[in-house]
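Using the sequences provided together with the hints, build the complete structure.
Taken in order, these protein sequences are the chains called E and L. Numbered per this note's numbering, the first sequence spans residues 17 to 212. Numbered per this note's numbering, the second sequence spans residues 17 to 212.
If you are wondering where the hints come from, they were derived from the structure by calculation, not from laboratory data. Just so you know, not all the hints are guaranteed correct.
The list makes no distinction among identical chains, and a pair is therefore deemed to hold if it is satisfied within one copy or across any two copies.
What the hints assert, rightly or not - Restricting the straight-line Cα-Cα distance to at most 30 Å, the calculated cross-link-like pairs of lysine-lysine (BS3-like) are:
#, residue 1, residue 2
1, K22, K173
2, K42, K173
3, K104, K23
4, K93, K173
5, K22, K109
6, K80, K173
7, K90, K117
8, K42, K22
9, K117, K22
10, K109, K81
11, K23, K42
12, K90, K23
13, K104, K117
14, K23, K93
15, K22, K93
16, K23, K173
17, K42, K90
18, K23, K117
19, K80, K42
Remember, predicted model here, so these are calculated numbers, not experimental data.
Residue-level listing of the chains:
Protein chains: 2
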Amino acid sequence: MDQDAKKTVLRMIPYGIYVLTADDGKGNVAAATVNWVTQTAFAPPLVVVGVKTDSGAYQIIKDKKTFALNMLGKDQKGAAFTFFKPTKLEDGKLSGQAVHKGTTGAPILDAAPAAVECRVTSIVEQGDHHIVVGEVVEAHMPKPISGRPDAAILEMKDLGDNVFYGCLPRACGSAAIRPIAIASRRARQSCSVWSA
Amino acid sequence: MDQDAKKTVLRMIPYGIYVLTADDGKGNVAAATVNWVTQTAFAPPLVVVGVKTDSGAYQIIKDKKTFALNMLGKDQKGAAFTFFKPTKLEDGKLSGQAVHKGTTGAPILDAAPAAVECRVTSIVEQGDHHIVVGEVVEAHMPKPISGRPDAAILEMKDLGDNVFYGCLPRACGSAAIRPIAIASRRARQSCSVWSA
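Below is the structure:
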């Protein structure tokens, strides 16, 4: 297989930008910008997320079996880049973003135009990211979305000409930088991992 | 959960448009327009596709454990609507589209700007569509893609203001129409199922 062709062809898949959040109820909260998301069924409503296995989010999701996907709006590029970096929990805010608890306990970004909360139904443990399958159990949409909903979400291609997952602008062509973050409520400080 | 909010929020996920193809090597070929697709890992390169369980494509994929995802280009709206309808196999063409066999035996549309072939690594049997996990084993890109690859693919939102998966324009608001097609090489005629 031609590796360059594989890379380019897989990059044809268009992606929205989401902040994945999880809270284990024991003082650990994770938030990370993700894009590998698709719905997979109507009944029950299922979504799939590719989650990096050595991330804080993955550990909490595996333990607590709940998570939220916060959809970002076209004007929330800043939030996307914020959660590419390690999460800080300060004064009840996640890296400066106000949040409130969802039905499942997962943090919902106050500024997100929409979010879904999911209960994990299964995890396919294959690859460097595992396949987390979640049943949507709650939907948040503080204000009506005008126009097509899929035209309102921030997309990977809105982040910059050379931004693709696993390839931030200045790292493109060298090692990919993929940040994973976890914040401890108890410690009130963040511990984080940046992986190449 | 507010069902209208759930529907709108899930419709925020942006999708590309693909023709999923499969050939069981026993004379049965399936082709269907799909959109529930995401990559889920870099190593190995994995993709997930939500595939309707009562479709011909699903039966072949489950049996043969291989499939192809043909990416459609911005100018291939016609092909997208063609494979929403039952597939016909005539003179070696799939519903009028010239195809050639890929490495795995799955049909590759000659006119598709790109395609990946996959071997199924697992199927999560949950929901009205099951989650087919495929490892990318071949990539086709007959001509270089200019610009961002994810700006070159046909998207759900390019199909029309009111087109969403499970909701074709005239059916929107009433029962959803989702076509599934399978063509038999032996019979040289198509049998198809339209489900509400």
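To see whether the hints hold, each was checked on the structure:
For a Cα distance limit of 30 Å, the shortest separation of K22 from K173 qualifies both inside one copy, at 19 Å, and across copies, at 25 Å. In the homo-oligomer, the alpha carbons of K42 and K173 never lie at most 30 Å apart, since the shortest distance is 36 Å inside one protomer and 42 Å across protomers. Taking the shortest Cα distances, K104 and K23 never come within 30 Å of each other, neither inside one copy (33 Å) nor across copies (32 Å). Taking identical chains as interchangeable, the C-alpha atoms of K93 and K173 lie at most 30 Å apart whether they share a chain (11 Å) or sit on different chains (21 Å).
Taking the shortest alpha-carbon separations for K22 and K109, only the inter-copy value of 26 Å comes in at or below 30 Å, while the best intra-copy value is 40 Å. In the homo-oligomer, the alpha carbons of K80 and K173 never lie at most 30 Å apart, since the shortest distance is 32 Å inside one protomer and 35 Å across protomers. For the identical chains of this complex, K90 and K117 are intra-copy neighbours only, at 24 Å inside a copy versus 41 Å across copies, given an alpha-carbon limit of 30 Å. For a Cα distance limit of 30 Å, the shortest separation of K42 from K22 across copies, 29 Å, qualifies, whereas the shortest one inside one copy, 42 Å, does not.
Proximity of K117 to K22 under the C-alpha cut-off of 30 Å is restricted to the inter-copy arrangement: shortest distance 18 Å between copies versus 40 Å within a copy. Taking the closest pair of Cα atoms, K109 and K81 come within 30 Å of each other only inside a single copy of the chain (23 Å); across copies the shortest separation is 47 Å, beyond that limit. In the homo-oligomer, the alpha carbons of K23 and K42 never lie at most 30 Å apart, since the shortest distance is 40 Å inside one protomer and 32 Å across protomers. In this assembly of identical chains, the alpha carbons of K90 and K23 lie at most 30 Å apart whether taken from the same copy (26 Å) or from different copies (20 Å).
For the homomeric pair K104 and K117, the shortest alpha-carbon distance inside one copy (17 Å) is at most 30 Å, but the shortest distance between copies (51 Å) is not. For the identical chains of this complex, K23 and K93 are neighbours both inside a copy (24 Å) and across copies (24 Å), given an alpha-carbon limit of 30 Å. For a Cα distance limit of 30 Å, the shortest separation of K22 from K93 qualifies both inside one copy, at 28 Å, and across copies, at 24 Å. Taking the closest pair of Cα atoms, K23 and K173 come within 30 Å of each other both inside a single copy (16 Å) and across two copies (24 Å).
For the identical chains of this complex, K42 and K90 are neighbours neither inside a copy (33 Å) nor across copies (48 Å), given an alpha-carbon limit of 30 Å. Taking CA atoms no more than 30 Å apart as the test, K23 paired with K117 passes between copies only; the shortest distance there is 22 Å, against 38 Å inside one copy. In this assembly of identical chains, the alpha carbons of K80 and K42 lie at most 30 Å apart only when taken from the same copy (10 Å versus 45 Å across copies).
Hint violations for this structure: numbers 2, 3, 6, 11 and 17, all remaining hints satisfied.
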